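**Q** Since the structure of chain C is provided, determine the placement of chains S, X, L and V with the ligands on it from the hints.
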Amino acid sequence: MMLRVDVSKSLGDFHIEASFAGAGRVTGLFGASGAGKTSLVNMIAGLLRPDRGRISIDSETLDDTAARVHVPAHRRRIGYVFQDARLFPHLDVRQNLDYGRRMNRLADDPVQRARVTDLLDIGGLLGRRPGQLSGGERQRVALGRALLAQPRLLLLDEPLGSLDEERKVEILPYLVRLRDEASVPMVYVSHNAGEMRQLATSIVMLRRGRVIAFGGAEVLPEALPSGLISANTRTSR
Amino acid sequence: MMLRVDVSKSLGDFHIEASFAGAGRVTGLFGASGAGKTSLVNMIAGLLRPDRGRISIDSETLDDTAARVHVPAHRRRIGYVFQDARLFPHLDVRQNLDYGRRMNRLADDPVQRARVTDLLDIGGLLGRRPGQLSGGERQRVALGRALLAQPRLLLLDEPLGSLDEERKVEILPYLVRLRDEASVPMVYVSHNAGEMRQLATSIVMLRRGRVIAFGGAEVLPEALPSGLISANTRTSR
Amino acid sequence: MFDISPTEWIAIQLSLRVAAVATLVATPLGIAVAWLLARRDFWGKSLLDALVHLPLVLPPVVTGYLLLLTFGRRGLVGAWLSDHLGVVFAFRWTGAALACGIMAFPLLVRPIRLSIEAVDRRMEQAAATLGAAPWRVFSTITLRLAMPGVLAGMVLGFAKAIGEFGATITFVSNIPGETQTISSAVYSLIQTPDGDPAAMRLVAVSIVIALAALVASEWFARRALQRLHGN
Amino acid sequence: MFDISPTEWIAIQLSLRVAAVATLVATPLGIAVAWLLARRDFWGKSLLDALVHLPLVLPPVVTGYLLLLTFGRRGLVGAWLSDHLGVVFAFRWTGAALACGIMAFPLLVRPIRLSIEAVDRRMEQAAATLGAAPWRVFSTITLRLAMPGVLAGMVLGFAKAIGEFGATITFVSNIPGETQTISSAVYSLIQTPDGDPAAMRLVAVSIVIALAALVASEWFARRALQRLHGN
Amino acid sequence: LAEDKRLTVFAAASMKNALDELNTAYAANTGVKIVASYAASSTLAKQIEQGAPADIFVSADTDWMDYAIARKDIDESTRINLLGNSLVLIAPKDSAIDNVAIGRGFDLAKLAGDGRIAAGDVNAVPAGKYAKAALEDLGAWRTAEPKFAMADSVRAALTLVARAEAVLGIVYASDARIEPGVKIVGTFPADSHRPIVYPVAATAAAKAEAAGYLAFLRSSRAKTTFEKYGFTFLPRPTS
Ligand SMILES: Nc1ncnc2c1ncn2[C@@H]1O[C@H](COP(=O)(O)OP(=O)(O)OP(=O)(O)O)[C@@H](O)[C@H]1O
Ligand SMILES: Nc1ncnc2c1ncn2[C@@H]1O[C@H](COP(=O)(O)OP(=O)(O)OP(=O)(O)O)[C@@H](O)[C@H]1O
Ligand SMILES: [Mg+2]
Ligand SMILES: [Mg+2]
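Residue numbers (my numbering), protein chains in the order written: chain C, 590 to 826; chain S, 590 to 826; chain X, -12 to 218; chain L, -12 to 218; chain V, -9 to 229.
If we strip away everything but chain C, and leave its shape as in the complex, we get:
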């Protein structure tokens, strides 16, 4: 799959001017808080319209401001795990998980559903409402919901941010498997270089709305031992 993005967009004083082509199976978006990662992902999903530019997947144009093309979000078949989980509050977990299948009129696939709920360890939560979930549980349900809609591209906006490391260790390989076996291509947003290294086949580094580097894992900052922090402790005591 080939994802091509060449857009510009202004949000208040903030300007995005980004162009890249994610040829690999997982395109990593890496950048500091406020770099424009979520905004870019929103444009790919069709939730935010670029002021100018094009977005395409393979030969299909999703956005082309010059040609006035804008495929609406619901026709893009792009799954999105939001930074804030955005579960539907009036539906229980089971219904949340089932929502994409219903909307896309897909056949019921109990095997797939069981596999996803097992992996995400949310089988025990199916009857609960989102308000009764912990932060991490919510994020896992959101991940399951996006997967079960069988998207052709998956956008993951810091999906593991609120997960403990044990769970990360469990889920990340699954994402790798999705990438390799199910060959669901992804755009993966994270500020964790380790995760990026694991998952991304090509990496887009963003700073202040602009692409400042593009390539393989080598563009990432060097990993610091034990979560990058110890290097700085001197200054703090």
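You can take every hint at face value.
In the SDA-like style, the derived pairs of lysine to any residue whose C-alpha atoms are separated by at most 20 Å in a straight line are:
(1) V:Lys23 - V:Asn7
(2) V:Lys62 - X:Thr179
(3) X:Lys32 - L:Arg210
(4) L:Lys32 - X:Trp206
(5) X:Lys32 - L:Ala199
(6) V:Lys213 - V:Pro185
(7) V:Lys83 - X:Arg61
(8) V:Lys23 - L:Ile(-3)
(9) X:Lys32 - L:Arg209
Since the hints were made in silico from the structure, they are not lab data.
In this text, all values refer to a predicted model and were calculated from it rather than measured experimentally.
**A** Just chains S, X, L and V with the ligands, lined up with the frame of chain C:
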């Protein structure tokens, strides 16, 4: 400061039965997603009433179900940075930051405010509304808002979860400084062992609503290099 | 005290039918208009808004008179409807329902609109990324989240329809068994020198009806709210 | 067409005064009642709820009559108020405002209640942890977030107060310069064989007033919504 | 004090145009300002019962005047039967029905066919009450009753006929004369119903000026005006 917690609480099928005393300056709450960290913190803040038990800070009882004591949240002077930022949507960033000062009728302290906004790098966002912020920006403003209310205890529920590592590296030392110099005691929730090691002076390990270990950094699981993940990649390809 | 005469019984039944039909027919329409007002910008939006509020602002007699001019046998719309669809409002209970529906319309639309405006757009966005076309987003997300408003609108509308009488009596007059609702019966009783006790009896009945509607709606609303606040 | 007679001018001014006073006085009360209904559980809550809706359910004439019996010169409350506080409602414009306020009350309370119920409790919790006492949480968070509902309630209430006439004319009669509002003026004109043109002129005036109120409220509501949705 | 130069008249709504004209004239002549409140007679009677500041009560029928007198709200000695009216059968202007003889054997139901007969509420609105009484007297009520469409005022009944919603209507002659959309097709015999009377009286709490106003209402000046609006003037005019 001495924080004593000895409570039990049922939430649906989930039962919390936790007892610990955080004598140190920073008590770390460590545990997997769904372990009960947020629920415990909510009880300390006074937002959730224990079914049974006591919570006290030094000699002041905050909750005592036997004596029917329940100090309401607004009288506890406990700052809380929520897992979801919970900024007030109708106020801009400046007003959000100022809210605690107004409510506690504290004198205006421009120096302190400047220090906090500089450190959190949110000086440029003061006129914005929460809806116009990125995920990480929102979390930083929430942190600033809690700090500027001058609490006697600070509850931090994964406050750095959505921050990039550069910013974490900047902010964590500040929290350490708060702990050491300003001597604002904290309860710090995280699933990042590295952060915990940095900050916590005593650590409470939770699993399924119960305290399973208590002590210094030695109770934490061993840190894995570069974000814990590489050890598992074998299984995933 | 509660010995109700046969005519009064008929009036009570009629009131229930008129109010129920008015509310049920007006609700989908009200939802559509509320959605337009909440979510669309179009030429003439203020006009539509004003039109919706009109029955509230005008003395009911005027609304009834305008209905007569429009939907009467000789009215523009009324003549067309009766010629082409065989639908007649004049002097029929359907006319009473039309009048009540129109009088209740502003009360119905406002709360629904309010609730639609309060729906978190981010939920709708999430639904769209899951493949929901706009109208399915509306029916599965927006409308469900706006349910408390729909219920509130229906209660206000139903209560108003039970109490309405000025527009109704002007439009379809007061024909026992056909268009005489509780309210118009009460009205004539109050105008009769010794009618007060009978009027108060009927007033008690309409209070009971409204109370029942209220309790039912509170029950639904409580459920809807619990759903939304997730507990 | 718009040559308005001096009596009519007086009626217009009176209508504006009556509707404005009714709305402004009823709003804080309506907020309080809405809050009680939205947030508190207490004995008699259903009763309060029913009482609030009553003016909607009863034919306006009945409400007016009950007001006359209660707040009239010889009424229980009316006599006490006039003896002890010197407040007289009977046959004064204040009585018209009282009648309009009561008739508008259910329309005012419902949307406010709806908006309060929709306020995210987590915001209130956040405010409490920042040291805000309950009433300050209410005034700085809940009420602000419920602003669209307050505005909607005020618009409905004001529009209703402009259109009200059944309860008003029954309670305080139709005295030019004192209690004759636009609506009651329209009523007497409609009862007069050649009064229709004058009635329509006044109807046009009340439409203009309501339209102005509507446009103003839309403007405020749009601002309030923008605030809440953060853009 | 200006307050002393003011009289408040509570009058049945159907009197509005005639009284408005007379009140203007009276104010011009005497300097006493007349404030008139027009509403349903029932409403006005109950308001007077509750202490309304009315000096004069003009009722559209005797029932509500009797009601007020029974409650001692009215100075009975000042009561006069001021106006009369006659009851007419009307039809839309372009109706085929015309020149109906109303008397014994008059079959209103047959005349209406499957159409409706508009009138004031036969239990509540004075004109409706008279209509029912007249039809009962003529033996036409039982068959005609199901065809009645009762309006809340004579004006509303008139409108129903003028818009041809109803094929027939029974209203006062005074109202029928002014509405261009209807024609009078018959007049009810005066002896088929109680005399139609608009009684006038001062209230028990009336100001002294009330007497002068009552006298004015009986004057020939008033007679001319009332007759212009189609009422029958009952008293012998005092100059
Ligand atoms: N109202 C409720 N009803 C039922 N179960 C609940 C309710 N609220 C919370 N829970 C459950 O209680 C457990 C603890 O939740 P809590 O939010 O305290 O977890 P946490 O440790 O903060 O997790 P995370 O790291 O994912 O935020 C979870 O399993 C959650 O599903
Ligand atoms: N509506 C808006 N008006 C003004 N500025 C905006 C608006 N929306 C976003 N921004 C700004 O655009 C920038 C990019 O936001 P975005 O959410 O894309 O960041 P991000 O890279 O996802 O950050 P994070 O890692 O913190 O989530 C931020 O600085 C944000 O403040
Ligand atoms: Mg983001
Ligand atoms: Mg949590």
